[in-house]
Amino acid sequence: MTAHTDISAEVLKRLYETMLRIRLFEDRVAVLYPEQLVKCPVHLCIGQEAIAAGVCAHLAKSDYIFSTHRSHGHCIAKGMDLRPMAAELYGKTTGCAHGRGGSMHLVDTENGIPGTTAIVGGCIPLAVGAALTARKMKNGRVSVAFFGDGASDEGVFQESLNYASLMKLPVVFVCENNFYATNSPQKARQPEVNIVERASGFGIPGELADGNDVLAVYRTAQKAVERAREGGGPTLLEYRTYRWKGHVGPLADIEIGCRPADEHEAWLKKCPVDLYGRYLQENDVMSDQDIEAMLARVEKDIDEAIAFGKAGQEPAGTDLYDYVY
Amino acid sequence: MPWTKIQADDSRKQVSFGGPASAGLRELSYRDAIREAMSQALETDPAVFLIGEGIDDPGGVFGTTVGLKDRFGAERVMDSPIAENGMTGVAIGAAITGMRPVFIHMRVDFLPMCMDQIINHAAKWSYMTGGKVKVPLTIRAVIGRGWGSAAQHSQSLQALFAHIPGLRVIMPATPYDAKGMILGSIAGNAPTICIEHRWLYDMKGNVPEEPYVIHPGIGAVRREGRDVTIVATSYMVYEALRAAEELEKEGISIEVVDLRSVLPMDEDLIVESVRKTGRLIAADTGWKHCGVSAEIAAVAAEKAHAALKAPVRRLCLPFVPAPACQSLEKAYFPTHADIISAVRGIL
Ligand SMILES: Cc1ncc(C[n+]2csc(CCOP(=O)(O)OP(=O)(O)O)c2C)c(N)n1
Ligand SMILES: [Mg+2]
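These protein sequence lines are chains Y and V, in that order. Residues in the first sequence are numbered from 1 upward in steps of one, following my numbering. Residues in the second sequence are numbered from 1001 upward in steps of one, following my numbering.
The hints are simulated quantities; they were obtained by calculation from the structure and are not laboratory data. Glycine is no exception: its CB is placed at the ideal position from the N, C-alpha and C atoms. Misleading hints may appear alongside valid ones.
Said to hold, decoys possible - Under the rule of at most 30 Å between Cα atoms (straight-line distance), these lysine-lysine pairs were calculated in the DSSO-like manner:
| id | chain 1 | residue 1 | chain 2 | residue 2 |
| --- | --- | --- | --- | --- |
| 1 | V | 1204 | Y | 245 |
| 2 | Y | 168 | Y | 223 |
| 3 | Y | 61 | Y | 310 |
| 4 | V | 1330 | V | 1288 |
| 5 | V | 1288 | Y | 39 |
| 6 | Y | 269 | Y | 310 |
| 7 | Y | 136 | Y | 223 |
| 8 | V | 1288 | V | 1276 |
| 9 | Y | 270 | Y | 310 |
| 10 | Y | 270 | Y | 245 |
| 11 | Y | 310 | V | 1330 |
| 12 | V | 1204 | Y | 39 |
| 13 | Y | 187 | Y | 270 |
| 14 | Y | 39 | Y | 223 |
| 15 | Y | 245 | Y | 269 |
| 16 | V | 1069 | Y | 187 |
| 17 | Y | 300 | Y | 310 |
| 18 | V | 1330 | Y | 39 |
Said to hold, decoys possible - Derived CB-CB ranges, DEER-like:
| id | chain 1 | residue 1 | chain 2 | residue 2 | range |
| --- | --- | --- | --- | --- | --- |
| 19 | Y | 37 | V | 1044 | 34 to 40 Å |
| 20 | Y | 232 | V | 1047 | 50 to 56 Å |
| 21 | V | 1305 | Y | 37 | 36 to 42 Å |
| 22 | V | 1224 | Y | 316 | 37 to 43 Å |
| 23 | V | 1163 | Y | 249 | 32 to 38 Å |
| 24 | Y | 191 | V | 1112 | 24 to 30 Å |
| 25 | V | 1290 | Y | 318 | 24 to 30 Å |
| 26 | Y | 37 | V | 1112 | 28 to 34 Å |
| 27 | Y | 205 | V | 1044 | 50 to 56 Å |
| 28 | V | 1311 | Y | 201 | 55 to 61 Å |
Stated by the list, open to error - One-sided and incomplete, this derived list gives chain V residues near chain Y with beta-carbon spacing under 8 Å:
| id | residue |
| --- | --- |
| 29 | 1057 |
| 30 | 1066 |
| 31 | 1079 |
| 32 | 1083 |
| 33 | 1149 |
| 34 | 1150 |
| 35 | 1318 |
| 36 | 1320 |
| 37 | 1327 |
| 38 | 1330 |
| 39 | 1331 |
Assemble the whole structure, with the sequences as input and the hints as a guide.
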């Protein structure tokens, strides 16, 4: 773990709580999924929590994030209430998109989440556009695009970096490199060049860090967000991590040969939540009791969110034509 | 279900086959028929290669490419970066210089990424080169419905492509057609979009073992009838057949025409059937507005107007993006029950 030294205990604890909220929410979705009441595909981010937590820790409520098919963690870290999120998974009118979007299309405009897209790469230029708004309105907001290693091969990624650099826009590009796009390993899709190195081709800084070390994420993201906010322009951050579950759904995909079992095993040992929890205890930031209390609080929120989600009504068929325009 | 076992009725139309179609009929699923087409194309022509995101993974594009990389190697069954527009251009570039690529997409919803290369390049190349340079490119893309796939993963975009001269758009509904039409497309010289509904992959049908070719633009009558013609595309053929079975119990006789290809469209067959029944329902997997069903209706209006005894009805997706939740999905996707009410409405 990167040392915390100058980071306040309050921030350190908040980071942990965010990671726990993501982990426990995703775990719960995985456990409940076989009930078949969540009737939409879910792309879980278990194993990748540190990135969402470490980046969003620097964002104000009014800052923007843009995300992908795998967005639960980003939205939680940005402060989204778990209840409308759960209700959206359950397809209820009480869901954040009134049941129209499902897991892949979370939204929370109050918390700077103007929507999420399941078209790979689609969110990247949208984040640049939000940064353009911030620049035009001079409101000091920063925009963050979360996307995967796979998305970095889309044309829009290069086009977005170019324009953001040209206009010195307040945007941070956060690539979560989990080494797979569905079941395709990174090396089947990209030459062995770090994604982060593409930044230099567009004249912007890039930084590569361990995505399972929340403090490493926190520090690199801090620089990038500050730079954006101060008018210094965009940064590309590449974080290496691993998703524990299969591309979609609650099962790991190891059984059907999608990824090597030993690789999966090795990454389970690098659990970002455990690593950081232990670090906080060893450095006397949190006691066992503190952690217990935090866990209980988070579990309670999740219980309430699931109950809220289940209790809602599904939209009536007669409301099919709502919200098109 | 019996209505899943359908063999193309080509007796009404002349169809040329690559080999004797009578020999070696076996029952295959739609999925296996496509895999056999892929496999035979790779065997018979070294210019053929398959490319697409994750086509070599254990799922193998709903099973249609499973095992092919092991058999033909990574040079001919190629994984791809997630870079649809660029990779479409790469495939077109290969096609105009001697290869016969098959570019495979898990969802048709990713084809909007490729619009520039498909519409401005693939569709135009033969014409812009005075017919000197052909684009023997096949693009396979999957459509479907259900399980909250929602707005960006449930579209049925055939009409977008069917609007473009220079392209071909095929929508095989049976295993027999899937194999023959895909082989026809690979062997042919026109850029072709093959649209496959994912609810078809388990459907069974008789399929000859040898390679054979079905040319686009020839529809098939799946069921003869007197009272109403239903012209259907892809999965809607099955909904139409089911509606026809139920209506038969009441003495209503439905003719089901499987369009098979949207561009070119078998206008003669539509006209012939409408002249016989005097009533037309167009059932398409896509949207109504400026869609395939509009074209079907226009054919009847222009060429069989005098025969029409009732207004044409169209069964399509409501003009709304696909919802995620199940209650709205139920209201969204038309079924045989909707076809039955439409039939009742014009009888
Ligand atoms: C334009 C487009 N192409 C393909 C897909 C299918 N698809 C969905 S997620 C995915 C992999 C994305 O990989 P990556 O960007 O690394 O994100 P991860 O899933 O690893 O978080 C693919 C190919 C899609 N949704 N959109
Ligand atoms: Mg990835």
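> Against chain Y, is residue 1066(V) within 8 Å by beta-carbon distance?
Replying inline: Residue 1066(V) check fails; min Cβ-Cβ to chain Y is 12 Å, beyond 8 Å.
>> Tell me if the straight-line CA distance from residue 136(Y) to residue 223(Y) falls inside 30 Å.
In response: Roughly 23 Å between the alpha carbons, so the hint for residue 136(Y) and residue 223(Y) holds.
>> Hint validation: residue 1150(V) versus chain Y, beta carbon distance must be below 8 Å. Holds or violated?
In response: holds (5 Å)
>> Please verify whether residue 1288(V) and residue 39(Y) have alpha carbons no more than 30 Å apart.
In response: Given pair residue 1288(V), residue 39(Y) holds - Cα atoms ~27 Å apart, limit 30 Å.
> Holds or violated: 36 to 42 Å for the Cβ distance of residue 1305(V) and residue 37(Y)?
Replying inline: At 51 Å between Cβs, range violated.
>> Taking 24 to 30 Å as the stated bounds, is the beta-carbon spacing between residue 1290(V) and residue 318(Y) within them?
In response: holds (26 Å)
> Are residue 37(Y) and residue 1044(V) spaced within 34 to 40 Å by their CB atoms?
Replying inline: Roughly 49 Å apart at Cβ, these two residues miss the hinted range, so it is violated.
>> Given a cut of 8 Å on the nearest C-beta pair, is the interface hint for residue 1083(V) held or broken against chain Y?
In response: Holds: closest Cβ of chain Y sits about 5 Å from residue 1083(V), inside 8 Å.
> Does the alpha-carbon distance linking residue 310(Y) and residue 1330(V) stay inside the 30 Å limit?
Replying inline: With Cα atoms ~19 Å apart, residue 310(Y) and residue 1330(V) stay inside 30 Å; holds.
> Keeping to a limit of 30 Å between CA atoms, is the pair of residue 300(Y) and residue 310(Y) held or broken?
Replying inline: OK: residue 300(Y) and residue 310(Y) at ~15 Å, within 30 Å.
>> Next pair to validate is residue 1330(V) with residue 1288(V); report whether the Cα-Cα distance is within 30 Å.
In response: Between residue 1330(V) and residue 1288(V) the Cα gap is close to 18 Å, so the pair holds against 30 Å.
> Within 30 Å, alpha carbon to alpha carbon, are residue 245(Y) and residue 269(Y)?
Replying inline: holds (14 Å)
The structure fails hints 1, 6, 9, 14, 19, 21, 30 (numbered hints given earlier, in ascending order).
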